[in-house]
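As given, the protein sequences belong to chains A and B, one line each in that order. Sequential numbering of the first sequence, starting at 1, is according to the numbering used here. Sequential numbering of the second sequence, starting at 1, is according to the numbering used here.
Note that these hints are calculated values from the structure, not bench results. Keep in mind that the hints are not guaranteed to be accurate.
Which copy? The list can't say, so a pair holds if one copy fits it or any two copies do.
[What the hints assert, rightly or not] Below are the DMTMM-like pairs computed for lysine to aspartate or glutamate, each with C-alpha atoms no more than 20 Å apart in a straight line:
(1) K24 x D90
(2) K111 x D11
(3) K40 x E6
(4) K21 x D90
(5) K21 x E58
(6) K24 x E58
(7) K111 x D31
(8) K2 x D31
(9) K24 x D118
(10) K50 x E173
(11) K50 x D31
(12) K50 x E33
(13) K177 x E37
(14) K21 x E5
(15) K111 x E58
(16) K21 x E112
(17) K177 x E5
In this text, all values refer to a predicted model and were calculated from it rather than measured experimentally.
Number of protein chains: 2
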Amino acid sequence: MKLLEERIQRDGVVRGTDVLKVDKFLNHQMDVELFSEIGKEFLRLFEGEKINKILTIEASGIGIACVVAQCFGVPVLFAKKSKTKNIAGDVYTAKVESFTHGRVYDIIVSKEFLGPQDRVLLIDDFLANGAALMGLITLVREAGATLVGAGICVEKAFQPGGEMIRKMGVRVESLAKVRSMSEETGIVFCTEGE
Amino acid sequence: MKLLEERIQRDGVVRGTDVLKVDKFLNHQMDVELFSEIGKEFLRLFEGEKINKILTIEASGIGIACVVAQCFGVPVLFAKKSKTKNIAGDVYTAKVESFTHGRVYDIIVSKEFLGPQDRVLLIDDFLANGAALMGLITLVREAGATLVGAGICVEKAFQPGGEMIRKMGVRVESLAKVRSMSEETGIVFCTEGE
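Isolated chain A (complex conformation):
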């Protein structure tokens, strides 16, 4: 998606060789007009798939997922990172290893809101090692729901998550795929179909 790639080039900041800061518009400050364009693009890509629910993970996926969900006209469900007293009882759980925070945590969704009747699109801001996405896939499978695919804003194609998850047969659509990046040379995106 040209618009997103241009925005990353303009406002993204590379730190070292593996941190891409996009907190000016994607995951701290959030440009909801850009999110709306992202939603239209995912709708174009997944049109006709009869998606009836969008699943994401807290925190930075939630905003994008909600705006995308408006395009699809479906509700969002977000996986929570720890059990609070406001969710009692019946939940699906999966373990996620966070590379950013250096720890393993549980994610949960209430069984009440995900089941065999659901055709689910996963939405997240980033795909790198694939840990969060794997956790969401586990939740969908536990629930017996149909996984239509995953819509990702920024994929770091030089990290293993995307290849791993596509090899599982999951359709992954990434709107901007970073082939390589460094503070010296900047950001290089994959070409179409790469």
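Since the structure of chain A is already known, use the hints to place chain B on it.
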């Protein structure tokens, strides 16, 4: 807001005398069409206030804030609950005491995205003891930004947060104010102007 009160009556679940579960439509599964109506109502209430930024706190406030922000045509900034390596350096911080989780945590926003030029509307799903909202107010003041007010979906008017914050001179608009609730008698809302 009648639509929200009716939805709370229909799909909200009271546990004991102080937990109101609205996770079917507000803060776990999220009804983005309802969020859009909420956004229109906040726009009506805060019209002409020249708001140029919406500030919320992760996680459940983010979805509502993003849909509301579309109505206002402004970006969202969300306060993060802990420092990750993706945000380096210059941040505003405040302490928040979570009654739900029984601990004190720091919230932060990058100084880059909040400053004296901003006219800020705070958005959150719940107002009870007011701890989260107080934290956001602290961030706005630290930044030297103008606090226009706070838009809350559900206020538990029998808890002290709303009164405390209004007494500070902050405009708080709550779309549904719960006067009292119990498992036996259900939910009673405040009347207009109460």
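Each hint tested on the structure:
When the C-alpha separation of K24 and D90 is checked against a cutoff of 20 Å, the pair qualifies only between copies, where the shortest distance is 14 Å, while the shortest distance within a copy is 37 Å. Proximity of K111 and D11 under a CA criterion of 20 Å is satisfied inter-copy only: 16 Å between copies versus 39 Å inside one chain copy. In this homomeric assembly, K40 and E6 come within 20 Å of each other (Cα to Cα) only inside a single copy, at 17 Å, whereas the closest approach across copies is 31 Å. Within a single copy, K21 and D90 get their C-alpha atoms only as close as 36 Å, which misses the 20 Å cut-off; across copies the closest is 14 Å, which meets it.
Taking the shortest Cα distances, K21 and E58 sit within 20 Å of each other both inside one copy (18 Å) and across copies (18 Å). In the homo-oligomer, the alpha carbons of K24 and E58 lie at most 20 Å apart both inside one protomer (18 Å) and across protomers (16 Å), since each shortest distance falls under that limit. With identical chains, the CA atoms of K111 and D31 are at most 20 Å apart between copies only, with a shortest distance of 17 Å across copies and 32 Å within one. For a Cα distance limit of 20 Å, the shortest separation of K2 from D31 inside one copy, 16 Å, qualifies, whereas the shortest one across copies, 30 Å, does not.
Within a single copy, K24 and D118 get their C-alpha atoms only as close as 34 Å, which misses the 20 Å cut-off; across copies the closest is 15 Å, which meets it. Taking identical chains as interchangeable, the C-alpha atoms of K50 and E173 lie at most 20 Å apart only when both belong to the same chain, with a minimum of 17 Å there against 38 Å between chains. Within a single copy, K50 and D31 get their C-alpha atoms only as close as 27 Å, which misses the 20 Å cut-off; across copies the closest is 18 Å, which meets it. In this homomeric assembly, K50 and E33 come within 20 Å of each other (Cα to Cα) only across copies, at 18 Å, whereas the closest approach inside a single copy is 25 Å.
Proximity of K177 to E37 under the C-alpha cut-off of 20 Å is restricted to the intra-copy arrangement: shortest distance 17 Å within a copy versus 35 Å between copies. In this assembly of identical chains, the alpha carbons of K21 and E5 lie at most 20 Å apart only when taken from the same copy (13 Å versus 40 Å across copies). Proximity of K111 and E58 under a CA criterion of 20 Å is satisfied intra-copy only: 17 Å inside one chain copy versus 23 Å between copies. With identical chains, the CA atoms of K21 and E112 are at most 20 Å apart between copies only, with a shortest distance of 13 Å across copies and 36 Å within one.
For a Cα distance limit of 20 Å, the shortest separation of K177 from E5 inside one copy, 8 Å, qualifies, whereas the shortest one across copies, 44 Å, does not.
Hint compliance for this structure: every hint is met.
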